[in-house]
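J.: With chain A held as given, fit chain B onto it using these hints.
Taken in order, these protein sequences are the chains called A and B.
When the letters of the first sequence are read in order and numbered with the working numbering, they come out as residues 1 to 111.
When the letters of the second sequence are read in order and numbered with the working numbering, they come out as residues 1 to 116.
Hints were generated in silico from the structure; no laboratory data involved.
The C-beta atom is built at its ideal place from N, Cα and C for all residues, glycine as well.
Worth double-checking, as some hints may not be accurate.
[What the hints assert, rightly or not] Listed next, the in silico SDA-like pairs over lysine to any residue satisfying Cα-Cα at most 25 Å (straight line):
# : chain 1 : residue 1 : chain 2 : residue 2
1 : A       : Lys-98    : B       : Gln-17
2 : B       : Lys-24    : A       : Gln-38
3 : A       : Lys-98    : B       : Ser-58
4 : B       : Lys-78    : B       : Glu-62
5 : B       : Lys-68    : B       : Gln-17
6 : A       : Lys-1     : B       : Arg-97
[Stated by the list, open to error] Not close to chain B: a few residues of chain A, all C-beta gaps over 10 Å, as computed:
# : residue
7 : Gln-34
8 : Leu-44
9 : Ala-103
[Said to hold, decoys possible] Only part of the chain A face toward chain B is listed, based on derived beta-carbon distances under 10 Å:
#  : residue
10 : Pro-8
11 : Gln-38
12 : Tyr-97
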Amino acid sequence: KQEVTQIPAALSVPEGENLVLNCSFTDSAIYNLQWFRQDPGKGLTSLLLIQSSQREQTSGRLNASLDKSSGRSTLYIAASQPGDSATYLCAVRPDDYKLSFGAGTTVTVRA
Amino acid sequence: DAGVIQSPRHEVTEMGQEVTLRCKPISGHNSLFWYRQTMMRGLELLIYFNNNVPIDDSGMPEDRFSAKMPNASFSTLKIQPSEPRDSAVYFCASSRRGGAGANVLTFGAGSRLTVL
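Chain A extracted, bound-state conformation:
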């Protein structure tokens, strides 16, 4: 069974600092990996999707890397802003349709 771990569970940084969020998974046989953002009381918003054949994906200030062999993905958020405060979840998809979600990292960016 795929286990997805996100460490740390919570993170607080001053505005302008770069954020590094970690995701590890136990089974390297994945189809893709997706990073989501969840604001309090809201649904999940897809940020980036990395196919298993890719090493990274970028969107604006966000960059996600994938190292399948070591079972790790990292989400980088450059020059953090208070609006980046949210919970970030990674989800790993094996060859079928199911996603295994991590518990998330709750980020607070202090103004």
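T.: Chain B in isolation, oriented as in the chain A frame:
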């Protein structure tokens, strides 16, 4: 596109009552998922539909839960009878299995259920 639309956004009911949650997926998406989120267990997949057909309902907790997808634009999740332990946020999500944007899961805003 308005995204995945769920209703109601909030539901408070008493134990034993029937609860029906509704979902309208994104037009053109042929995969639909129902998830449940709680603090204790995180996000759990309840059921998955592909082209309106239930493919995997192994995550449905028990017979009190049922889900239908009568057409490509509508799905329901029903709990009968409801119990306090069913209190959670229920999310509907949809995706496209092929073509541009394939496999990117789009979530609705969720239905927060409280069973007293």
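J.: Each hint should be assessed against the structure and marked as holding or not.
T.: Each hint tested on the structure:
The hinted pair formed by Lys-98 of chain A and Gln-17 of chain B fails the criterion: a straight-line CA distance of about 31 Å is larger than 25 Å. Proposed proximity of Lys-24 of chain B and Gln-38 of chain A is supported: the alpha carbons are some 20 Å apart, at most 25 Å. With a CA separation close to 11 Å, the supplied pair Lys-98 of chain A and Ser-58 of chain B stays within the 25 Å bound. Between Lys-78 of chain B and Glu-62 of chain B, the direct Cα distance comes to roughly 12 Å. Compliance with the 25 Å bound is thereby established for this hinted pair.
The suggested pairing of Lys-68 of chain B with Gln-17 of chain B holds, with an alpha-carbon distance near 19 Å, which does not exceed 25 Å. Taking the CA atoms of Lys-1 of chain A and Arg-97 of chain B, the gap is near 23 Å; set against the 25 Å cutoff, the hint holds. Consistency note on Gln-34 of chain A: stated as away from chain B, yet its beta-carbon is not over 10 Å from all of that chain's, at 6 Å minimum. The Cβ of Leu-44 of chain A does not lie farther than 10 Å from every Cβ of chain B; its closest approach is about 4 Å, which violates its non-interface assignment.
The claim that Ala-103 of chain A is not at the interface with chain B is violated, since a C-beta of that chain comes within 10 Å of its own (minimum 5 Å). The closest approach between the C-beta of Pro-8 of chain A and any C-beta of chain B is roughly 16 Å, which is over the 10 Å cut-off, so the hint fails. For Gln-38 of chain A, the suggested interface contact is upheld, since its CB lies about 9 Å from the closest CB of chain B, less than 10 Å. Annotation: interface hint on Tyr-97 of chain A holds; nearest CB of chain B at approximately 6 Å, less than 10 Å.
Hints 1, 7, 8, 9, 10, counting from the list given before, are not met by this structure.
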